[in-house]
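Listed here are the chains, written in short residue letters.
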Amino acid sequence: MARVKDEAIVLRRLPYGESDRIVHLFTSSSGKISAIAKGGAKSLRRFMNTLEPLRIIYVEYFDKSWRGLARIENAHILEDFSEIERDLRKFFIASFLTEIVDKLAKEKEPYPQIFDLLGAALRRLKTSQVSSLDTLMLLLKILELLGFLPNFKTCVHCGKTVDQKSKTFFSSEKGGILCGSCRMFNPYKTYPFELLSSLGGDQKTLEMDDELVKMAFELMDDFMKYHLDMDFRSYRFVKSSHS
Amino acid sequence: MGYPEPIERLIQNLTKLPGIGRKTATRLTFFLLNSKETYVKELSQSMIDIKERIRLCSICFNITDVDPCTICTDPKRDNSPICVVEEPSHLMVMEQAYPGVFKYHVLHGVINPLEGIGPENLKIRELIERVKSSKVSEVLLATNLNMEGNATAYHIANELKPLGVKVTRIASGIPAGGDIVYADPQTIRSSVENRRDIV
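So the sequences go chain by chain: G and Y. The first sequence begins at 1 in the working numbering and counts up by one. The second sequence begins at 1001 in the working numbering and counts up by one.
FYI, nobody ran anything at the bench for these hints, they're computed from the structure. Being a predicted model, the structure only gives us computed values, none of them experimental. Heads up, a few of these hints could be off.
[As the list claims (entries may be wrong)] Computed spacing ranges between beta-carbons, pair by pair:
(1) Pro15/G x Glu1129/Y: 28 to 36 Å
(2) Glu1129/Y x Lys106/G: 45 to 53 Å
(3) Arg86/G x Lys1041/Y: 38 to 46 Å
[To be verified] No farther apart than 27 Å at their CA atoms in a straight line, the calculated lysine-lysine pairs in the DSSO-like style are these:
(4) Lys1123/Y x Lys1076/Y
(5) Lys38/G x Lys5/G
(6) Lys153/G x Lys239/G
(7) Lys103/G x Lys239/G
(8) Lys126/G x Lys1161/Y
(9) Lys1123/Y x Lys239/G
(10) Lys204/G x Lys103/G
(11) Lys1161/Y x Lys239/G
(12) Lys225/G x Lys204/G
Every residue, glycine too, gets a C-beta built ideally from N, C-alpha and C.
Could you put the whole structure together from the sequences, leaning on the hints where they help?
Pasting the structure below:
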């Protein structure tokens, strides 16, 4: 049984029995872990206000590699993002980003880039407004780092490069764009080429008007429902709170 | 050979209760079998009553057997602040600490996107309508002081702001019996912001 010291973002907490708490932590070195905090729900000393979502914490835990749950021994807050709670839209976005990481990241697989990205996103949400386009870019980046990004560059059926203005057919089922010939053999939806070519371009310089952003969220919703087979409960709040 | 059918049926039904396994259910069943018939009838009738007679108060949404509930119709509370709580059990805690002081509004949950609960799933719209349609001196937001409770409180406060009503939040800080050494910076900050004169 190894004692591990690490930084972690608290993704979720669940009550366990009368006084314990199970938390999902996204650690800097080991990725996602599920851990039990004995006395975490009631104790006035141990973990008081620490194991709450939207916090970056210092944590010491015993990793019982042969069993599922690690055991948290000690924790304190390094950064808290309680300002996010003041703005419902920011709260929805932060919840969505943590939910995606919580549900898609594999246990005990390090994702240092996502750890930094999620931390940076929370810092940004704490201090400034984040547009729907920013949220979309964060979603695409996290999905890319997790290996779940749809293919917006080449036809998912024949593999050929599709030129920008012909990028109008997207197949959620196939997980990417289709060329004009291959759309005959696959289910697809038609989108404006501006949308699909933007999504296939550089995500750091993504430019879209509000209407396209809304369409992009719908497209990603279809894609995630089909391929990830998970219900992201917070997604509907993010979609309905565009700005 | 198993138990007779009525006993087995009761055991099966009791195991559906939280925290009750087959052994405990069997023990309870034999306790009831050996109890007086009047007690068993009273027990079963009280269980039927909570399903048939308990409903939500149409004003505060607390659980009640009369509508409006006795708190809402209490004339001594006519000008009392409305204390907004998450659940009926929270109302009872507030009422024990401040008997007869508040009127209440029960939200039946908090905003929790991870559980798919948004403002529209709570009794927030009803609270706003209540404040609009009646003379309210103050709304005290007594949701839990965690992430979801705070987000819900800020949302309600923002919704009530245009109505000009005084909106307050229960204080947060070092709890009674708490040790300052174990408090996190946010709690310390909060307790300093909410400090008061001692004499």
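Hint by hint, here is what the structure shows:
For the hinted restraint 28 to 36 Å between Pro15/G and Glu1129/Y, the CB-CB distance of approximately 33 Å keeps it satisfied. The supplied range of 45 to 53 Å is met by Glu1129/Y and Lys106/G, whose beta-carbon atoms lie about 47 Å from each other. In this structure, Arg86/G and Lys1041/Y break the distance hint of 38 to 46 Å, their C-beta atoms being roughly 54 Å apart. About 25 Å separates the Cα atoms of Lys1123/Y and Lys1076/Y, which keeps this hinted pair within 27 Å; it holds.
For the hint pairing Lys38/G with Lys5/G, the CA-to-CA distance comes to about 18 Å; that is within 27 Å, so the pair holds. Taking the CA atoms of Lys153/G and Lys239/G, the gap is about 25 Å. The hint holds against a cut of 27 Å. The suggested pairing of Lys103/G with Lys239/G holds, with an alpha-carbon distance near 19 Å, which does not exceed 27 Å. For a cut-off of 27 Å, the pair hint linking Lys126/G to Lys1161/Y stands: about 22 Å separates their Cα positions.
With a C-alpha separation of about 22 Å, the suggested pair Lys1123/Y and Lys239/G falls inside the 27 Å cut-off, and the hint holds. Between Lys204/G and Lys103/G, the direct Cα distance comes to roughly 24 Å. Compliance with the 27 Å bound is thereby established for this hinted pair. Our distance criterion of 27 Å between C-alpha atoms is met by Lys1161/Y and Lys239/G, whose separation comes to about 25 Å. Our distance criterion of 27 Å between C-alpha atoms is met by Lys225/G and Lys204/G, whose separation comes to about 25 Å.
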